[in-house]
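**Student:** Numbering (our numbering), first residue to last: 4 to 527.
Honestly, the hints are just simulated from the structure, not real lab data. C-beta: ideal position from N, C-alpha, C; glycine also. Misleading hints may appear alongside valid ones.
Label-pair ranges, simulated between beta-carbon atoms [to be verified]:
#, residue 1, residue 2, range
1, E458, T220, 30 to 40 Å
2, R25, F343, 22 to 32 Å
3, N221, R399, 17 to 27 Å
4, E279, A52, 40 to 50 Å
5, L315, H79, 32 to 42 Å
6, S114, L315, 27 to 37 Å
7, E458, Y142, 46 to 56 Å
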Amino acid sequence: MYAGLHQRLQRLNALKHSHLLRNSAIGVEKESLRVNREGGIAQTPHPLALGSALTHPYITTDYSEALTEFITPPFHHIRQVLDFLRDTQQFVYQHLDNEYLWSTSMPCVVSGETSIKIADYGHSNQGKMKHVYRAGLGYRYGKVMQVIAGVHFNYSFPPEFWPIYSELEGNRLPLQDYISESYMGLIRNLQRFGWLIPYLFGSSPAVCKSFLGDAPTNLQSFNENTYYDPYATSLRMGDIGYQNNKENEYGIKANYDSLDDYIASLARAIETPCEEYEKIGVVVDGEYRQLNANILQIENEYYSTIRPKQILNGNEKPTLALKRRGVAYVELRSLDINAFDPLGINESQLHFLECFLLFCLLQDSPVIDSVERLAIDENELRAAHRGRDPELTLLRGKDTLSLRDWAHELLEEMQAVCELLDRSTEGSPYCSALDAQLAKVKDPELTPSARMLNEMRDRGEGFYHFAKRKSEIHQHFFTNLPLSDERTKYFREIAAKSLEDQQAIEAADEISFPEYLQRYFSQS
Numbered sequence: 004m005y006a007g008l009h010q011r012l013q014r015l016n017a018l019k020h021s022h023l024l025r026n027s028a029i030g031v032e033k034e035s036l037r038v039n040r041e042g043g044i045a046q047t048p049h050p051l052a053l054g055s056a057l058t059h060p061y062i063t064t065d066y067s068e069a070l071t072e073f074i075t076p077p078f079h080h081i082r083q084v085l086d087f088l089r090d091t092q093q094f095v096y097q098h099l100d101n102e103y104l105w106s107t108s109m110p111c112v113v114s115g116e117t118s119i120k121i122a123d124y125g126h127s128n129q130g131k132m133k134h135v136y137r138a139g140l141g142y143r144y145g146k147v148m149q150v151i152a153g154v155h156f157n158y159s160f161p162p163e164f165w166p167i168y169s170e171l172e173g174n175r176l177p178l179q180d181y182i183s184e185s186y187m188g189l190i191r192n193l194q195r196f197g198w199l200i201p202y203l204f205g206s207s208p209a210v211c212k213s214f215l216g217d218a219p220t221n222l223q224s225f226n227e228n229t230y231y232d233p234y235a236t237s238l239r240m241g242d243i244g245y246q247n248n249k250e251n252e253y254g255i256k257a258n259y260d261s262l263d264d265y266i267a268s269l270a271r272a273i274e275t276p277c278e279e280y281e282k283i284g285v286v287v288d289g290e291y292r293q294l295n296a297n298i299l300q301i302e303n304e305y306y307s308t309i310r311p312k313q314i315l316n317g318n319e320k321p322t323l324a325l326k327r328r329g330v331a332y333v334e335l336r337s338l339d340i341n342a343f344d345p346l347g348i349n350e351s352q353l354h355f356l357e358c359f360l361l362f363c364l365l366q367d368s369p370v371i372d373s374v375e376r377l378a379i380d381e382n383e384l385r386a387a388h389r390g391r392d393p394e395l396t397l398l399r400g401k402d403t404l405s406l407r408d409w410a411h412e413l414l415e416e417m418q419a420v421c422e423l424l425d426r427s428t429e430g431s432p433y434c435s436a437l438d439a440q441l442a443k444v445k446d447p448e449l450t451p452s453a454r455m456l457n458e459m460r461d462r463g464e465g466f467y468h469f470a471k472r473k474s475e476i477h478q479h480f481f482t483n484l485p486l487s488d489e490r491t492k493y494f495r496e497i498a499a500k501s502l503e504d505q506q507a508i509e510a511a512d513e514i515s516f517p518e519y520l521q522r523y524f525s526q527s
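Kindly generate the complete structure, drawing on both the sequences and the hints.
**Tutor:** What follows is the structure in structure tokens.
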């Protein structure tokens, strides 16, 4: 089963290039819900001192005006990523007035849809498009689903890696085509083995009852204000989270067989009308409710645990960027916020994720047929809702296998991958990170989800009091950690420039919003 992996590792280990993987590009995007002192979603606008959410490269908003998003640039070293993520959160805390950042993925004290203000990006056509897209998400899936927060891990292999790897594999394709093909293979394997992420790092086994409102649920009551699943790892990744609920009904599913197939499947979804969404209307009483009434408004609406990405040129469509220049990096999207770390993610996690992605690249990756697609979706749900159940089995081919046995098998195979990565750095951070994950497989009580529930039981608190307490601890961490004058000046200058950039974009608009949308969607 792992013969291809072993052969590729043998070839790479035989190379004299011991630092071949040193210059990988690593980045993180972390969403954090801004809340008031009681833990309710903040009703205040994105602080002006933070700059423009439209044009700031590192501090912006996601769905809601209160859903702050921190974006690091790509770095070659994990420590640099975490330092930048720490500094941006420190800077934001300097400008919060009696508010703090929520410490978990699942929100709390949700006072209905009206308590969630859609992010505002100004009056330019570009800003309006971002706002209307979010309005459409609210009409389609409900606003509450859109304020679930997560962490995204962005990764690309070094440019110097690909020519050598291509030669080792005897590739005859143009190099960029081979790079894209290789990333698509990685993505398919990440989906096959992706249930491992919620098991190891899931940190949302419980949710505030206010999140579900009066909706029926199969979750159990933990106490008067909390629902949970006893063996859950990540309810965020389960069936109470954001899903594309029309894809099966209309036969629209992203196809990962190749980059061309992926682009074509998303393009079809963006161009295919949806009867239910047509009932919402696009422009009603002179106000846009959504960008269009198709199955997907734009590519980003498609929910996936991992995406192929290319850096956009201006207002370029993501699928067009991929078609023109191929895959530049991948974005792993299935990480919960780590409630036990003020940054929301830590060094050990990032080292493991880098190893996991390299493993997924090196392992053989056949195309995914319809039977395996159903198994992938089912395994993800099982791991999210019952991942720590000692009796849990997952689907693999025609067989079933216990999650713990399969996880142990995968981690054992990753040992040699970690050793290869450790050749490019000092010490053994990758092998150490792998050891930490092996411990979680041997003892599920070490997982973040189990730690959260155990802490709640020990302290006699529900999800709200747990998350609020952690949020206050993290606030204390950031507000008592000095940010250098140089760093403060750096972020102030970026904030000021972003406001100027937004004004320039607004002043440059020369066409109507309907024409702007028509031009955007007619790109080819």
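**Student:** Does each hint fit the structure? Answer for all of them.
**Tutor:** Hint by hint, here is what the structure shows:
| no. | hint | result |
| --- | --- | --- |
| 1 | E458 with T220: 30 to 40 Å | 23 Å, violated |
| 2 | R25 with F343: 22 to 32 Å | 30 Å, holds |
| 3 | N221 with R399: 17 to 27 Å | 25 Å, holds |
| 4 | E279 with A52: 40 to 50 Å | 42 Å, holds |
| 5 | L315 with H79: 32 to 42 Å | 22 Å, violated |
| 6 | S114 with L315: 27 to 37 Å | 36 Å, holds |
| 7 | E458 with Y142: 46 to 56 Å | 38 Å, violated |
Checked against the numbered hints given earlier, this structure breaks hints 1, 5, 7; the rest are met.
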